[in-house]
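Going line by line, the protein sequences match chains A and B.
To convert, note that position 145 of the first sequence is 1211 in the numbering used here; the numbers rise steadily by one, no gaps.
To convert, note that position 21 of the second sequence is 1087 in the numbering used here; the numbers rise steadily by one, no gaps.
Derived by calculation from the structure, the hints in this document are not laboratory data.
Glycine included, each C-beta is placed from N, C-alpha and C at the ideal position.
You may find that some hints are simply not true.
[Claimed, not checked] Now the in silico label distances, taken between C-beta atoms and shown as ranges:
# : chain 1 : residue 1 : chain 2 : residue 2 : range
1 : A       : R1253     : B       : I1095     : 16 to 26 Å
2 : A       : S1214     : B       : T1158     : 42 to 52 Å
3 : A       : T1074     : B       : N1224     : 32 to 42 Å
4 : B       : K1094     : A       : Q1189     : 33 to 43 Å
5 : B       : R1175     : A       : W1168     : 49 to 59 Å
6 : B       : D1216     : A       : S1214     : 54 to 64 Å
[What the hints assert, rightly or not] Derived, one-sided and incomplete: chain B residues facing chain A with beta-carbon distance under 10 Å:
#  : residue
7  : D1092
8  : V1145
9  : E1169
10 : Q1171
11 : L1173
12 : T1248
13 : I1252
14 : E1255
15 : Q1266
2 protein chains.
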Amino acid sequence: MSTTEDLTEEERRHKQRTRKHKAVVDAKIAAAKVDKGLVLVLTGNGKGKSSSAFGMVARTLGYGRRAAVFQFIKGKEDVGERAFLSRQPGVTWENCGEGFTWETQDLRRDIATARAGWEKAKQALADPAVSLVVLDELTYLINYRYLSLDEVLPPIRNRPDMQHVVITGRAAHADLVDLADTVSAIRDEKHAFRAGVRAQVGIDL
Amino acid sequence: MSTTEDLTEEERRHKQRTRKHKAVVDAKIAAAKVDKGLVLVLTGNGKGKSSSAFGMVARTLGYGRRAAVFQFIKGKEDVGERAFLSRQPGVTWENCGEGFTWETQDLRRDIATARAGWEKAKQALADPAVSLVVLDELTYLINYRYLSLDEVLPPIRNRPDMQHVVITGRAAHADLVDLADTVSAIRDEKHAFRAGVRAQVGIDL
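Given only the sequences and the hints, what does the whole structure look like? Please build it.
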């Protein structure tokens, strides 16, 4: 560390400024004392919603805790996140989808698939041994009315105190936003797909 | 699958609508034929930038490919993503930070730390065996002028063709946005911290 004596004028000003800023930041951190299980909603049209949820699965595993992932729309394709994370000790992974509506073109089957997936997710939402529940693409099931809010919200509200829930998908319903502790809206400023680049291994798959 | 005969009116309309939509989506997918190494910028003030990068590390590992992670600001605290991902075969993990400016309060040391980290990152950006390079919190080093754009941009531009780079951090510089193939701006609509909840294990750490 530089000693105070040999600092340039810029370095001295930097030290003063950052010392003041540290006091402000430390006060804010000291004011945040609560520990609780969070509901996070990751919505918007941009890239990074599901990826972010999988990053939190990795974080959870870093503490030797358990995570349960429910993928509600994506089909059975062998994607990277599933290949890697589903084989980790402590991870439960359920594919509860068969692709987007325009793939199946079968409303009755899509609803049945969604309901079967939700029944499984409810078990994880009642299990205090599960530290993180990822409900990937859940927003669509609500927006398409495959699941009602009366079915979805109570199991999330009544989950174990310290359990975290991450919900992803575009256009999150206002009631999900209300329920959430943290909401990130991911704006699509630029996307390689529009420049003719298809989904890339390790990034999109 | 339901047969066409036993469909309700709503189900039949759904089938027609989704069939049309599938044609539109399929045409777009058919138009995207390029494979290339992408630059992704995840910026904005909301929760989920670094988490998303770590999710893409998990995806990369799912294909047995290699990832290199450089954390430019965060200190040596034992966080979940590092505990879990850094011990995976195929992952190189470098802590190139000692905390935010207001923690060290030492401009000269912060610049030296940043430059040492960037020297290591340049090696990964020149290595075709590395499929994904994560430059976590790189935006701050540019915004604080610890690293110049002339130092940062060429190694990214000249990297191996199929290597992906993910850059995270608030307030990404316009030149980084220009260079990127995909840019997501994560808006902070709500954050548990403002309601008095401190950083939670498995979510923020």
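To see whether the hints hold, each was checked on the structure:
Distance hint check: the CB atoms of R1253(A) and I1095(B) are about 23 Å apart, consistent with the given range 16 to 26 Å. Between S1214(A) and T1158(B) the CB atoms are about 47 Å apart, so this pair conforms to the stated range of 42 to 52 Å. Remark: the range hint 32 to 42 Å for T1074(A) to N1224(B) is upheld by a beta-carbon distance near 34 Å. The given range of 33 to 43 Å is respected by K1094(B) and Q1189(A), whose C-beta atoms sit roughly 37 Å from each other.
Hint check: R1175(B) to W1168(A), Cβ distance near 55 Å, so the stated range 49 to 59 Å holds. The hinted range of 54 to 64 Å is satisfied by D1216(B) and S1214(A), whose Cβ atoms lie roughly 56 Å apart. Satisfaction of the interface hint for D1092(B) is found here, the shortest Cβ-Cβ separation to chain A being roughly 9 Å, below the 10 Å cut-off. A distance limit of 10 Å between C-beta atoms decides the matter here; for V1145(B) the minimum to chain A is near 7 Å, and the interface restraint holds.
For E1169(B), the interface hint holds, since its Cβ comes within 10 Å of a Cβ in chain A; the closest pair sits about 7 Å apart. With 10 Å as the threshold, the beta carbon of Q1171(B) comes within range of chain A, its nearest partner Cβ sitting at about 4 Å, so the hint holds. Proximity of L1173(B) to chain A holds as hinted, the smallest CB-CB distance being about 4 Å (cut-off 10 Å). Here the hint on T1248(B) is kept, as its CB sits about 5 Å from the closest CB of chain A, short of 10 Å.
Taken as an interface hint, I1252(B) checks out: its beta carbon lies about 5 Å from the nearest beta carbon of chain A, inside 10 Å. Against a cut-off of 10 Å between C-beta atoms, the interface hint on E1255(B) holds, since the closest Cβ of chain A lies about 4 Å away. For the restraint placing Q1266(B) at the interface with chain A, the shortest Cβ-Cβ distance is roughly 6 Å, inside the 10 Å limit, so the hint holds.
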